[in-house]
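Visitor: Chain residues, written in single-letter form:
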Amino acid sequence: MKQELIKLIDLSRCTACRGCQVACKQWNELPASETHNFGSYQNPPDLEWNTWTLIRFQEYVDAQGRLQWLFRKDGCMHCTDAGCVKVCPTQALFHTEFGTVALNTDKCIGCKLCIFACPFNVPRFDEETKKISKCDLCQSRLQAGQPPACVLSCPTGALQIGAKDAMLAAAHRRVRELGGDASVYGEQFVEGTHVVYVLPEKAEVFEKLPAKPEIPTSIMVWKDILKPAGLLAAGTVVAGAFLHYITHGPKNPEEEINQEGGTQI
Amino acid sequence: MNKVMIKATGPFERIVHWCLAISCLILCASGMVMMYHSLQGFGTLVGGMAAVKTIHNYSGVFFAVSLFLALLVWWKEAGMFSSPEDWQWFKVAGGYLWKVDQMPEIGKYNPGQKLFFLTIVIFGTGMVVSGFFMWFPLGYEPGLIRFMYVLHALGFVIIFAFFWVHLYLVTLGAPGSASAMFTGWVSKGWARTQHPKWLREMEEKGTLVVYGKKGQSGRHC
Ligand code: SF4
Ligand code: SF4
Ligand code: SF4
Numbered sequence: 001m002k003q004e005l006i007k008l009i010d011l012s013r014c015t016a017c018r019g020c021q022v023a024c025k026q027w028n029e030l031p032a033s034e035t036h037n038f039g040s041y042q043n044p045p046d047l048e049w050n051t052w053t054l055i056r057f058q059e060y061v062d063a064q065g066r067l068q069w070l071f072r073k074d075g076c077m078h079c080t081d082a083g084c085v086k087v088c089p090t091q092a093l094f095h096t097e098f099g100t101v102a103l104n105t106d107k108c109i110g111c112k113l114c115i116f117a118c119p120f121n122v123p124r125f126d127e128e129t130k131k132i133s134k135c136d137l138c139q140s141r142l143q144a145g146q147p148p149a150c151v152l153s154c155p156t157g158a159l160q161i162g163a164k165d166a167m168l169a170a171a172h173r174r175v176r177e178l179g180g181d182a183s184v185y186g187e188q189f190v191e192g193t194h195v196v197y198v199l200p201e202k203a204e205v206f207e208k209l210p211a212k213p214e215i216p217t218s219i220m221v222w223k224d225i226l227k228p229a230g231l232l233a234a235g236t237v238v239a240g241a242f243l244h245y246i247t248h249g250p251k252n253p254e255e256e257i258n259q260e261g262g263t264q265i
Numbered sequence: 001m002n003k004v005m006i007k008a009t010g011p012f013e014r015i016v017h018w019c020l021a022i023s024c025l026i027l028c029a030s031g032m033v034m035m036y037h038s039l040q041g042f043g044t045l046v047g048g049m050a051a052v053k054t055i056h057n058y059s060g061v062f063f064a065v066s067l068f069l070a071l072l073v074w075w076k077e078a079g080m081f082s083s084p085e086d087w088q089w090f091k092v093a094g095g096y097l098w099k100v101d102q103m104p105e106i107g108k109y110n111p112g113q114k115l116f117f118l119t120i121v122i123f124g125t126g127m128v129v130s131g132f133f134m135w136f137p138l139g140y141e142p143g144l145i146r147f148m149y150v151l152h153a154l155g156f157v158i159i160f161a162f163f164w165v166h167l168y169l170v171t172l173g174a175p176g177s178a179s180a181m182f183t184g185w186v187s188k189g190w191a192r193t194q195h196p197k198w199l200r201e202m203e204e205k206g207t208l209v210v211y212g213k214k215g216q217s218g219r220h221c
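Residue numbers (UniProt numbering), protein chains in the order written: chain A, 1 to 265; chain B, 1 to 221.
Possibly wrong hints are sitting among the right ones.
Claimed, not checked - Each computed DSBU-like pair below joins lysine-lysine, with the alpha-carbon atoms no more than 35 Å apart:
#	chain 1	residue 1	chain 2	residue 2
1	B	K213	A	K227
2	A	K251	B	K213
3	A	K251	B	K197
To be clear, the hints were calculated from the coordinates, so they are not data collected in a lab.
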């Protein structure tokens, strides 16, 4: 691994201008979708195959009865222990030299397994290409030594990219500054994400943000237990059959020889 | 030295058997290529992993139809255990593991075969259902779909292991068995050793068909 990078999202500095959302579409050549007003500035309503990052708008009344407007830039968290990478049968999803999770679209067979293995509900299916799409943390830009498009576009400094240690230190510094219920979100889950939030409120407060994200147990049972068990069970049977053959031998029929008009086939 | 050959299976039975077997093998092979990354190289043989997935899905449909036909063909004979001889058979492990002096009288299908059949029916159905949800997973509860993944993997573990038991027994383990599913004829000696009750019942009812015997059809049919 070259150098582990972290994209730091300081939500206390986000003004929901959605520059990142537009910059992402522009850099990655993702078309806009036609949507309708559903009573929120949040638009489109959710992540889509062509919307890899989205500012979520949320009205929240805190314990003191104060109304707050919370913004959260949603998107792939670039997990170290990534559920999507774990299940992908073709290795279309893979870890890059930066520790982020990119996607080789050519390899994707559209099996949709990654959708259900992701603790953050990120991968989306494109009905037209029959493939998955998601944020790759601007892999091509990182390789060229450039910041991701969303980071570059952010006017308030809510988005930063940098070496893992530096970003985590900055995150903790900022949380100490903010005080109260502010916290760092990401480093403690799935062996550390490569997108880390500074949350101004408790994680539980934010909509669609899992308080304790982890790869679903069923996915672990499948990949860590049943997958090896398949080979183990078959291997045991084959070994057992061999042992049976050399110790006990086959069950041979006592043949009847032709007295009834039968012929050999 | 000619063995006396008797008729064990009809053509429809054998066709259903092989439809089920072939679809099952294709499913196991293509499924494993998708499950175990080290086998991915085999994917290129059929034109890439997308083709493997397509083959897997449509073989699944073929398997579902075959499984349904298999149910029609064998449910009566192999779907139910009969007392008390089947339980006695289990007690002596079918005579396969240690020397047994008095084997229980076994009909056309021994309890091991019945167990195999039921396993294929139960887990095969599980594979068809879970496979369907895996093919079209969008719009359902994520928890449901993840459960289907587990069921599908579990079904594979069981069916794949049983497949090797089946393969061993019909080849090396119990010689003379395999022809029942190829030509449809087995030797009378084999029937007396493996399925004495079935043979006796056919003799009593007069339904026993002996190959080449006068007045009876001697053709492979
Ligand atoms: S957030 Fe989801 S899609 Fe992104 S790396 Fe983690 S598991 Fe994969
Ligand atoms: S849909 Fe594509 S990226 Fe997702 S697990 Fe399947 S092959 Fe991998
Ligand atoms: S890192 Fe790149 S791909 Fe990901 S949200 Fe930002 S602009 Fe989009």
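Visitor: Does B:K197 lie within 35 Å of A:K251 when you go C-alpha to C-alpha?
Guide: Holds, because 17 Å separates the two Cα atoms, which is no more than 35 Å.
Visitor: So if I understand the rule, the pair passes when the alpha-carbon distance is 35 Å or less; does B:K213 with A:K227 pass?
Guide: Not OK: B:K213 and A:K227 at ~53 Å, beyond 35 Å, violated.
Visitor: Regarding the pair A:K251 and B:K213, is the alpha-carbon distance no greater than 35 Å?
Guide: holds (28 Å)
The earlier numbered hint that this structure contradicts is number 1, and it is the only one.
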